[in-house]
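There are 2 protein chains.
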Amino acid sequence: MGITLNEAAVQLLTEDKNIAHIATIMPDGSPQVTPVWIDYDGTHILVNTATGRVKWRNLQRNPNVALSVVGSQNAYKAISIRGRVVEMTEDGANDHIDKLSLKYLGKPKYEGHRPGERRVLVRIEPLKLASRI
Amino acid sequence: MGITLNEAAVQLLTEDKNIAHIATIMPDGSPQVTPVWIDYDGTHILVNTATGRVKWRNLQRNPNVALSVVGSQNAYKAISIRGRVVEMTEDGANDHIDKLSLKYLGKPKYEGHRPGERRVLVRIEPLKLASRI
Numbered sequence: 001m002g003i004t005l006n007e008a009a010v011q012l013l014t015e016d017k018n019i020a021h022i023a024t025i026m027p028d029g030s031p032q033v034t035p036v037w038i039d040y041d042g043t044h045i046l047v048n049t050a051t052g053r054v055k056w057r058n059l060q061r062n063p064n065v066a067l068s069v070v071g072s073q074n075a076y077k078a079i080s081i082r083g084r085v086v087e088m089t090e091d092g093a094n095d096h097i098d099k100l101s102l103k104y105l106g107k108p109k110y111e112g113h114r115p116g117e118r119r120v121l122v123r124i125e126p127l128k129l130a131s132r133i
Numbered sequence: 001m002g003i004t005l006n007e008a009a010v011q012l013l014t015e016d017k018n019i020a021h022i023a024t025i026m027p028d029g030s031p032q033v034t035p036v037w038i039d040y041d042g043t044h045i046l047v048n049t050a051t052g053r054v055k056w057r058n059l060q061r062n063p064n065v066a067l068s069v070v071g072s073q074n075a076y077k078a079i080s081i082r083g084r085v086v087e088m089t090e091d092g093a094n095d096h097i098d099k100l101s102l103k104y105l106g107k108p109k110y111e112g113h114r115p116g117e118r119r120v121l122v123r124i125e126p127l128k129l130a131s132r133i
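The listed protein sequences correspond, in order, to chains A and B. Mind the numbering: the first sequence is residues 1 to 133 in my numbering, read in order. Mind the numbering: the second sequence is residues 1 to 133 in my numbering, read in order.
The list cannot tell twin chains apart, which means a pair is met if one copy fits it or any two copies do.
Okay, derived cross-link-like pairs now, SDA-like style, lysine to any residue, Cα gap no bigger than 25 angstroms in a straight line:
1. Lys109 to Arg132
2. Lys99 to Glu125
3. Lys77 to Trp56
4. Lys107 to Gly71
5. Lys77 to Arg119
6. Lys103 to Met88
Just so you know, the hints here were simulated from the structure itself, not pulled from any lab data.
Let the sequences and hints guide you as you build the complete structure.
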């Protein structure tokens, strides 16, 4: 069962320009962790990746993820979330990366597309929250 | 075989007050990720935890870890490291948390000890580095 995040956690996910670090599981069972832009729709945590990336390949195989966010304005605000990917879709993924570009860079059109890259919107159901806020 | 980190990666681990996010593996095989202070001794990445914590329990069982660091002064400097814990020891762990307290808080004595807590120094051999620097 997914959990509802408390207000302090939602603030950390949506305000400022906080980077999340998302852990996924490699084929050999070991972890991988990389920084991502982050969003929250009231139910799911949203991240945006692209086809072919290690993270994307890992999530095709294993939906278990963990996220860690530290406040960019206050390093003593921090949350760690464990969750599960419930959807990965290309539908709306380009619009969503534009939204994140606006949030993080102030640019309404994402300019980082690589040739042939297909963006993927990843919806994560939060299952467990640990916070220090 | 461990790898030698390049200068840019070492800078990110040792300069400024960059926080690392360390992923470990839960008993069910899913990932967990939390923020940690970070250090590098020229061979191993060093982190400091305490007995009883989730991270410590996970590492007792499974030495595979991953670390993600983003530059606090420049979010476009980032490294992701996969590695393996080669030692966890209480020897020197209190001196080491004092060293980290100085680096991150400017205080030569760590003031965050909890009653009964035993600090643990974790030495991580880096195996794979991905960087964007």
